[in-house]
Structures are given as C-alpha cells and as structure tokens.
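S.K.: So the sequence lines, in the order shown, correspond to chains A and B.
Using this note's numbering, read the first sequence as starting at 2 and increasing by one per residue.
Using this note's numbering, read the second sequence as starting at 1197 and increasing by one per residue.
Bear in mind the hints are in silico, worked out from the structure with no lab data behind them.
Note that beta-carbon positions come from the ideal geometry of N, C-alpha and C, so glycine has one too.
Where hints are given, some of them may not hold.
[Said to hold, decoys possible] Between beta-carbon pairs, the in silico distance windows are:
(1) Ala15(A) <-> Leu1207(B): 41 to 47 Å
(2) His203(A) <-> Ser1199(B): 20 to 26 Å
(3) Leu1593(B) <-> Ala71(A): 44 to 50 Å
(4) Leu1565(B) <-> Arg131(A): 53 to 59 Å
(5) Ser1199(B) <-> Asp67(A): 24 to 30 Å
(6) Gly7(A) <-> Ser1199(B): 49 to 55 Å
(7) Thr97(A) <-> Arg1621(B): 16 to 22 Å
(8) Ala193(A) <-> Ala1557(B): 20 to 26 Å
[Unchecked claim] One side of the interface only, derived from the structure: several residues of chain A facing chain B at Cβ under 10 Å:
(9) Tyr50
(10) Leu55
(11) Ala71
(12) Gly72
(13) Pro75
(14) Asp80
(15) Arg84
(16) Gly109
(17) Phe161
(18) Lys165
[Claimed, not checked] Sample of chain B residues lacking proximity to chain A, with all beta carbon distances greater than 12 Å (derived):
(19) Leu1203
(20) Ala1208
(21) Tyr1312
(22) Trp1371
(23) Gly1372
(24) Thr1445
(25) Phe1495
(26) Leu1529
(27) Ala1531
(28) Arg1587
(29) Leu1623
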Amino acid sequence: MIRLRGVTKSFRDAGGEVPVLRGVDLDVAAGEMVAIVGPSGSGKSTLLYVAGALDRDFQGEAVIADVPLAGLAPAARADLRNRAVGFVFQSFNLLTGLSAIENVMLPGLLRRGAPRSLAEIRAHAADALRQVALSDKAEQPPARLSGGERQRVAIARALFAGPKVLLADEPTGNLDAVTGEGIIRLFAELAAAGLSVLVVTHEERVSRAASRVLHLAEGRLGS
Amino acid sequence: MRSRGLLWIALAMLRADRRGALLDAAAACVGAAALVFFLALGLGVSASARRMFPADARLVEVLPGNVTLGGVLGGGRLDDDAVRRLAALPGAAAAWPRLSLRVPVAASGPPAGMQYNWPPGMTLQVPVVGVAPELLGGDVGAGLRFEDGGPGGTIPVVLSRRLLEIYDKTIAPAWGVRRLPAGLSIVGVELPVRVGFSIVPQKTEDRIVEARLKLVGLSDRVPIYQLAMPLQTVRRLHAEYGKPDQGFTQVTLLAASPDAVPALTAAVRRMGLSVDEGERASAERVGTVVAVTTGALVFLAGVMCALAALAIARSLSASVRGRVKEIAVLQALGAAPSDVRGVVLAEGALVGLAGGLVGVALAIAAMPLADRAAAALLPDFPFRPETFFARPAWLALLGLAVPVLAAVLGALAPAALAARVDPARALS
C-alpha cells in the first residue's frame, strides 16, 4: 500500500521557490489501481518518485509497503525500493548494453541479504520473462526489441523481486494502441492479484482501467 | 552474492563501453609494464653490482695508523695485542689479521693439465697474503684443509672468486689463451712455484725453494689480485727468510651487525689505526648509482601510473556523466549511493587489473628480448650477467597491485560523482 499525507515539494529556480506538490494526501490500497492524470508539468512524476522512495527531498509523511520513509537511511530506502517497489517508465529505461534477461536480473543482483547464486537469479529472471511472454527474446539487446517488447521487459524487471507496489510513469506513452491495451490489461491483472498500482498518465484508456482516477493540478490532488 | 552482483554490473557496464574500457586499460598497461620492466632491470643490475663488489656490510678493514701522535707512541701498530683489543671493542664479533708475504713467489709454468692457459715463457709474480682460516668461513672446499703444512709441504691457497671472472673476460683475451671452460672446478689444482724468486732481480732472495701451491677454495673475502695462504705459513716463511716482524698488514674486523659499523669505525680510529673504506666506498658508490637510476626509472613508471590514473579519472567521469540515467535506473531498482560508488570503483579496479595483467605479461616478455639485444650490442665484460633482470614473484604482484590502485584512485572522483546522482531528477 501507499499512504502519503501532506506531501509538499518545491523546486528552486532563478526566480525562487516553485511549488510542485502542495499538501498532497494519497492512499493506494493493496489490489487497487489508481491513475493520476494532469497536465504536463503538474508534478505527476514528482509524486510518483516520492511514492517510490526515490525522492527524499519533500515535507510530509510517506509510508510505502508499511514502511515509513521518514528518517530512513539511503541504504534502507534502496533496500525498500529493491524489495517492495517496481518501477515502469515511459521510455522503458532498459540498460542498452545488457540483454533482456540481464536487465531483468538487475534487481536480483542488487538484493541485500539472502544470497542467491547467479544461476538462481538468471533462472528467476527467465521465469519473469516467461510471465510477460518474452522467453524467446531473453538474449536480445533492447535495441532489437519492439517498443511493446521493451516495455514488457521493463515490467518483468519491475516484477522480478515480487514488489507490493508498482509505479508506472506514462507506461503506454511510447506504445501503439494495441500494445498499450495489452500493457493496461496486465496492470489491471497485477492489481487484481494484490499489488498497489499507481499509474501516472494523461491517456484516457489507462484512466478507464483504473479503480480510481485522481487529478493533479497546481500541486493539489482531487477526484 | 551482492558484491559479486555489483562486480557483475561493473563488468556489464565496461562491456557496454568496450572502447573506453580498452583505452583506460591500455593506459594502466603502459604504467604496469614500465614499472615491472624498470624495477626488474634495477634489481637485476643491482644484483650484478653486488656480485662485482661483494662488500659485506659488517666488515671493517683496519690498517696500521698514519703518522700520528698515537702512531709515534706505538698506538698505530697492528700486532697481536692490537688484534686482541680490536676483537674486544664493543660491537665487534671477530678480528682476523692479514699479513702480506714479503718473500717473493713466482710461477713459471701452468698448473697440471692447464697448459693451454699459460703463455709460453711467462713468469708470473704471485702476490700473497696470509689470512686467518676463520676469515674464509665455509669457502674452503670439502675435504680440503687451509692450514700450514710445514717446510717442504704443499701450501694451501685460496683465490678470489671474482678473479676467475676477470681472468675469463679480461686476462685470457689479452693473453690470447683459452678461457676456463664453463662449470670447470679448479679447486684442487696445484701450481708449481719458486719461493724466493722475483722477476725483479734485486728482490730475489738468496735462497730459492721449489714448492707447490694447492688451490683449496674460492672466496669473496680474499683480495682480488692476491692469493691467500694460511697466516701461519706466511709467518713461517718470514722467519725462514729472516724478515723482521713489522706487524700485520691489515685486520678485518667483523661487526656484530651493520648498525654497529659506524661506532666500531670511530673506536678503531681512536686507537690510532686507519680504516680502509675503498672497497666499501666503491660498493656504496655503485649501489647508490644503481639505486638512483632505478629510483628514477621507477619514478618515471610511477608518473606513467599516475597519468594512467588521471586518464581513467577523466574517462570514467565522462562515462558517468553519460550514464546518469542508467545510474538513476540502478538506484530505482535498489542500488544505494554506496552501491553506485562501488560499481564505478569496481569498473576502475577491473580496468586496472586487466591493464596490469597485460602490462606484466608484456614486461616479462620484453625482458629476454632486451637481454638478447644487450648480448648483441654490449661487449663481453667481467661480471656481465646472463640476464640483466631479476624476476621475483612479488614484482608481478606489485605490477598488478599498482595499476589497480592507480585505477581505483582515478575512479574515486567519478565514483563520488555517480553516488551524487539524484535519481528523481535524472529520471524526470
């Protein structure tokens, strides 16, 4: 689950402080898929990174997968992201020098404690790729995959560690309509399976699939 | 697994930027190769210099005093009493007297079986010094004895080991005679001599006696151009030929440790005696020249390693700046800033290790080539070594450790830069 209370964040530019989030409250329960919509520059991605324990420079309270972020050391935040949070990005953000399966293995290689062998991590990554129907593309570099395939690799990577929270930033923004529908369906299935799914989007088809749609405008969240 | 995981990621990152990694490794390779090559050369030349000047750091050569008040009062004479007092000095472990033979000895023929090594008609004046058997330590051949056999007996002698090398490389070519066959042991050969005969007629004694000198060993403690015979034999010959006792020519003083030498030298001088520092000074001069040259070359190699570190720092910094988004993705997947720092440091270490491995291999491969070139270009001189390079195992380890260390040092700033990447900003 995700619980944000009074989250406030601003950026500093030449003109001074620019508020981005103004006292945002948000709850995403397990099994729920919430879509955040809003115009460009409204702070949707910033909210997502706060919820994903990537951004620590904010005021307010954030609890992710039952772990309060306040006072968490960098290593503990990293561990939380590794174990409990999965990220899916608009531009996929796969490491270009690695094959599909190697990209999926990354969370396993960064896991603290519970040592697993390279072979075990690879086998687990192969399972994750099988779940997104990409077993036959495991050894391909991202450059040889279509947009939809790259996004499925990114989803397999996000699901590798069995997260409780899935955060997606415009996940269908670079995909055609058919492929995008498939990804949205997959997110809905993952939410139904018990994940807390938070999707930032400005696409209506994504909003339609969500349990709730929230609008972010001028740093404030509303229905 | 996690450290192996970070190493795996570092390898993957290097694989993704093969060209940059190869250039960095090449820089580390040059530094490692130069370091190993020059250090091996310095150590090898140093070892050769030690063979050429085998000065024992614990030995102090004591000579009779110069004309001083102490000398006028009898304080500068090297007699048995002086030897006892020298041996009793604080820091002295032993005192071994030497006495130059003042009876001429000459050889007019070769040792048995070595006719090819004797120019026809040559008479060789043999300079002889009497030494205490203890001075030679274990240099006397097995089953042979270094002691006076009395009148008419074969006289045991010991030769400087270095003289053989000089004979082979200088004397034999100059005389136009054969060199000593490689591996030949000349210990045990006997040389017929005439005791009392000098090639300078005025110095020939009234009594000339045929005798045989038997080589019983080779030693670095025997003066290079003298034959050493037992001190007792020299004293007996002096008595037989009526030579007055003038005290010992020299006393070799053995210090308990090299650190005791300065104090011992000062005490000797206070006794009104002199200290011959010629051989030690030569050895020290050569050692200093070799050490300074080696130091300069190693410094040059160190500069190369430092330049490699700078090149790696520059290259990795550029690489980190170009990979900000990838680093942010790693952080999103669970990498802490310390992990990111570790990955970049591991990249540096791997580059340094690869460069070091190739550099050490290249340096080792270049050594026989350099030896071959030296053999072709340099004249044959005494103590010329088979190889100018020493190859201790630690040198290869050093050749790996230094470029790795240099590369890791070079990676410190890029690693800090990578650890400071703000993932939220980089991914936005």
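S.K.: Would you mind marking each hint as holding or not holding in the structure?
M.R.: Tested hints:
Here the CB-CB span from Ala15(A) to Leu1207(B) is close to 42 Å, well matched to the stated 41 to 47 Å. Taken as a hint, the range 20 to 26 Å is violated for the pair His203(A) and Ser1199(B), whose Cβ atoms sit roughly 42 Å apart. Taken as a hint, the range 44 to 50 Å holds for the pair Leu1593(B) and Ala71(A), whose Cβ atoms sit roughly 49 Å apart. Between Leu1565(B) and Arg131(A) the Cβ separation comes to about 56 Å, which falls inside the hinted range of 53 to 59 Å.
A hinted range of 24 to 30 Å for the beta carbons of Ser1199(B) and Asp67(A) is consistent with their spacing of about 29 Å. Here the CB-CB span from Gly7(A) to Ser1199(B) is close to 40 Å, at odds with the stated 49 to 55 Å. At roughly 21 Å, the beta carbons of Thr97(A) and Arg1621(B) sit within the given window of 16 to 22 Å. Range check, Ala193(A) to Ala1557(B): Cβ separation about 60 Å, and the 20 to 26 Å hint is violated.
Residue-level restraint check for Tyr50(A) holds (minimum Cβ-Cβ distance to chain B is 4 Å; threshold 10 Å). A least Cβ separation of about 5 Å between Leu55(A) and chain B falls short of the 10 Å threshold, and the interface hint therefore holds. A least Cβ separation of about 17 Å between Ala71(A) and chain B goes past the 10 Å threshold, and the interface hint is therefore violated. About 16 Å separates the beta-carbon of Gly72(A) from the nearest beta-carbon of chain B, more than 10 Å, and the hint is not met.
Because the beta carbon of Pro75(A) sits about 5 Å from the nearest beta carbon in chain B, less than 10 Å, this interface hint is met. At about 7 Å, the closest approach between the beta carbon of Asp80(A) and any beta carbon in chain B falls short of 10 Å, and the interface hint on this residue holds. Residue-level restraint check for Arg84(A) holds (minimum Cβ-Cβ distance to chain B is 7 Å; threshold 10 Å). Given hint, Gly109(A) at the interface with chain B, holds; its Cβ is 7 Å from that chain's nearest Cβ, closer than 10 Å.
Interface restraint check for Phe161(A): the shortest CB-CB distance to chain B comes to about 9 Å, inside 10 Å, so the restraint holds. Below 10 Å, beta-carbon pairs count as interface contacts, and Lys165(A) has none with chain B, the closest being about 14 Å; its hint is therefore violated. Annotated as non-interface, Leu1203(B) brings its C-beta within 12 Å of a C-beta of chain A; the closest such distance is 9 Å. Listed as outside the interface, Ala1208(B) is inconsistent with that label: its C-beta sits roughly 6 Å from the nearest C-beta of chain A, within the 12 Å cut-off.
The beta carbon of Tyr1312(B) is kept farther than 12 Å from every beta carbon of chain A, the shortest such distance being approximately 72 Å. At the 12 Å boundary, the C-beta of Trp1371(B) stays outside the reach of chain A, the nearest C-beta of that chain being 72 Å off. Chain A leaves Gly1372(B) outside its interface by the beta-carbon criterion, the shortest separation being 72 Å against a cut-off of 12 Å. With a cut of 12 Å on Cβ distances, Thr1445(B) stays outside the contact zone with chain A, its closest approach being about 76 Å.
Every CB of chain A lies more than 12 Å from the CB of Phe1495(B), the least distance being 38 Å, so the non-interface label holds. Once the 12 Å rule is applied to beta carbons, Leu1529(B) is inconsistent with being away from chain A; the minimum gap is 5 Å. A beta-carbon of chain A is positioned within 12 Å of the beta-carbon of Ala1531(B); the least distance is around 5 Å. The claim that Arg1587(B) lies off the interface holds: its Cβ sits roughly 37 Å from the closest Cβ of chain A, which is beyond the 12 Å cut-off.
Residue-level check failed: Leu1623(B) sits 7 Å from the nearest beta carbon of chain A, not beyond 12 Å.
Hints 2, 6, 8, 11, 12, 18, 19, 20, 26, 27, 29 from the list above are not met by this structure, while the remaining hints are.
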